[in-house]
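Q: Chains as they are written, first to last, in the working numbering: chain C, 2 to 439; chain H, 13 to 94.
Heads up, a few of these hints could be off.
Calculated cross-link-like contacts (lysine-lysine; reagent style DSSO-like; alpha-carbon spacing at most 30 Å) [claimed, not checked]:
1. H:66 x H:16
2. H:66 x C:137
3. H:16 x C:74
4. C:148 x H:50
5. H:93 x C:148
Rough simulated footprint, nothing fancy, chain H against chain C, three-plus residues with beta-carbon under 8 Å [stated by the list, open to error]:
6. 146-154
7. 209-221
If you're looking for bench data, these hints aren't it; they were derived computationally from the structure. Just so it is clear, CB atoms sit at the ideal spot from N, CA and C, and this is done for glycine as well.
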Amino acid sequence: MTTNVRSEPANGSDEQRVVITGMGVVAPNGHGLDEFEQALREGRSGIRFVEELKELKFGCQVGGVPQGIDEIKTEYLSPDVLMAMNSSMTYAAIAAIDCWRDAGLPEHPPEDGVVDWDTGAIVGTGVGGVDTLGDKVVPGVTAGRTKRLGSTMVEQTMSSAVSARIGGLLGLGNQVTTNSSACSTGTEALIMAAERIRAGRATRMLAGGAEGYSPYIWAGFDAMRVLSRAYNEEPERASRPMSASTGGFVPGSGAGVLMLESLESARERGAHIYAEVLGGAINSGGQRGTGSMTAPNPEGVRRCIRAALADAQIGSEEIEVVNGHLTGTMADPLEVENWRAALELTPETIPLLNGTKSLVGHALGAAGGIECVAALLQLDRGFIHGSVNCEDLHPDLEHFSSRIVRETRESSAKTLAKASFGFGDVNACVIFRTVDEQ
Amino acid sequence: MTRKEVFDEVLNIIGPFAVNKEALEGATEQTNILTDLKVNSARLVDIILDFEDKFEIEIDDDAADEIQTLGDAVDKILEIKG
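Okay, chain H solo, but in the shape it has when bound (with noise of 0.2 Å):
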């Protein structure tokens, strides 16, 4: 997949549980999930299972942990995909 493939995917997955739409319209890979997009950071946990189901991966939680970015999700994605 294309990184802006990923991104694309990341941000369809991460859309409903955005509570500042505007950022989400504007968003670019610089993006920060919890204090740009206002996701409920309770909800990190189904956004990560969102990801594995999607691009059939696992992530672990030290993984997860990391993502603090769109850009950080698509760079996980892309790495444990290989």
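Isolated chain C (complex conformation) (with noise of 0.2 Å):
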């Protein structure tokens, strides 16, 4: 059975409208929305050299890495917060403190004991705290050094570090937890806190995604060669989806946290709105038919598509454009087919398609996060950013050529269809819609 954000049409029943109210990204190629909007713009890739990863002689020397996070991070964080975060949590940090900023909320110190019960977190991981585990832990432990772990151990290896760290941070009182469901984990967190706000649980619910840098964290999947390894030489070329000369995707790391909020709230405070969640689904494939722990089964992919659209009560011509999941690897040219054949529609005629992934690798239990931030930035600042290196587009992709954007382009687009598919045969389908009053 698809979940649906609503599980029956709206009618101006009591459900909330759900909208986007502030966003806040840490992006291999760019920290802060202008930035990040200019890089995406530009084609600017975040993908560089690993020195440590050919130290460590993995097959795929190149990954996406936020810059320059240790210089600003004390702006952000007091050093005892510090001293109890790991990489994922930086990030996933410093990108909800930009976006409860971005959405113009107040900022309460600790000290005054304020807590609002109104707006919490759902901010998720794929993989979470290894590096503490891989660099501290596990060698403590071993040398039978246990006793010297110090105190801080925990609360960055446990599976919910990101979003405690920053429910403590913003003194938030309603729900505050991490999903994981991989590499649809952001966008499923965006989903899940849009039916929160539906149901009249939460006003605001920060949502998002944040995954660490470690190579602890991307070894499984050098070790299941599924990573990009033949531009070893030439980083910004290594992330190629759609492509005829892929040869796996480019690990990635980062956060987005997206702020989203009863449209109610965001009115009656003067909010900026990048868009409204008009719908969305999230289901799973079961594993079944050509489904597995690591490839979508393409009927659950196309159900969840339609179960969006449905919820968003909206017809897929209605759609304009669709940001892919597109990872890069051998997959790319079936979840296009899955796009047209759930939107009923023909290769020539699918909405405008663009892979941000091409720009700052797959950012696992981030990716849904910052993909979202990519997509609702294209819609309020008017523009389509090139999927690059795409020129040599897959065999299978020729009939959709026209429809593929690769170099960016201005748009007067509304309407936009995220997607998010992970391992474990999960999908998570987000429909997003421009509001036009204020």
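Bring the two chains, given one by one in their own frames, into a single complex with the hints.
A: In structure tokens:
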């Protein structure tokens, strides 16, 4: 049974409409909305050669790692807090604080004892604090030095580390939790947050995902041979969704956090609205048919897309842009065909399509968060960024060629579909539409 | 080491953990680590580890429990160091 954001069509019922009123992003090609927007517009890649991966003899020696974070983190976080934060928590915290400020919400220092009971957070991760485990806990315990580990290991390695850290920094008093659904985590978080607001259980929810940088996080993917290994000398060409010459995805890291809010609350306080969350759907393909732990069941994907449209109460012809999952593996052509089939359109008439992973890599648990930020920036600021590195389009995508955006263009599109498909054969699809009156 | 040297080093180590910076500025041997400096009690473990590293001593759990004020810390460190 597919989980819809609404279980029945809304007809002016007492369900809240949900909008996005703030965003924060820590991406491999930019920190902050303006820098990230510029990077997307200019096709600036965040993929770099990573020396450590070469030393460790990884097949893939390139990746997406946010730059300059060590230098700026002290502007956001005090020394005593930083002592207990690993990379995923740091990315998540910076993005969440940026998001809070972008939403124009008041900041109360902890000493004031103010709790915002109406705002919560669903910020997920795919792998979590594995850097802390690998760098500190495992060596310490193995050497019989558990006593010397210090007091901060638990809060960094518990799966909910990223959301718990955000909750404490911002004084959140509604549900604060970490979801985890592999590559669909960030998008799933957004839909779950919208559900909560729709049901009247929260006024605002931060939602998104974060993933840290650590060879321990990326090692498993390298071992599976699903990473891009032929472009170690040319990092910016390594992430090649939809191309004929792709050889796997490029791992990434960072965080994307969005502020979801009831339309009523947003209007009441005159908040800037990026777009409305018109609808969404989350499901799984059951790992049946051609689906498996690591490959999607096409029927599940198509059902998810259709369910999102149904929940949004729109027809497929109303979707103007699709920001795909599109990782740079051999699954890309299948994904595009799934979109076409789900929308019941022809290759020449599907919505314009792009893939943000071509510029930032696959940030795993953070991917949905970072890419939803990208999607909303494009809607709000009127452009569609070029999906780079697919000049040599995969032969199966030839007929779709005119719909795949390879050079950034201005756009007046109002309605965009964003989906993420994850290991575990899990799917999440959300529909955004700009709001005319603010 | 003199009492003053130990006190200064103790203050140095506890400093980053102290939430009440005002109390930190005017700290004396009577200053209580938890109630005056408002150090997060979960971090006492880390402070003890830092003492052990800095002064090259071992502080067992019972001894650690006896440390309430900055003066207690100085006493304990000098006592263990001998």
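Q: Does each hint fit the structure? Answer for all of them.
A: Now for the hints, and whether the structure bears them out:
{"no.": "1", "hint": "H:66 x H:16", "result": "15 Å, holds"}
{"no.": "2", "hint": "H:66 x C:137", "result": "20 Å, holds"}
{"no.": "3", "hint": "H:16 x C:74", "result": "34 Å, violated"}
{"no.": "4", "hint": "C:148 x H:50", "result": "24 Å, holds"}
{"no.": "5", "hint": "H:93 x C:148", "result": "20 Å, holds"}
{"no.": "6", "hint": "146-154", "result": "holds (count 4)"}
{"no.": "7", "hint": "209-221", "result": "violated (count 0)"}
Of the hints listed earlier, those the structure fails to meet are numbers 3, 7, in rising order.
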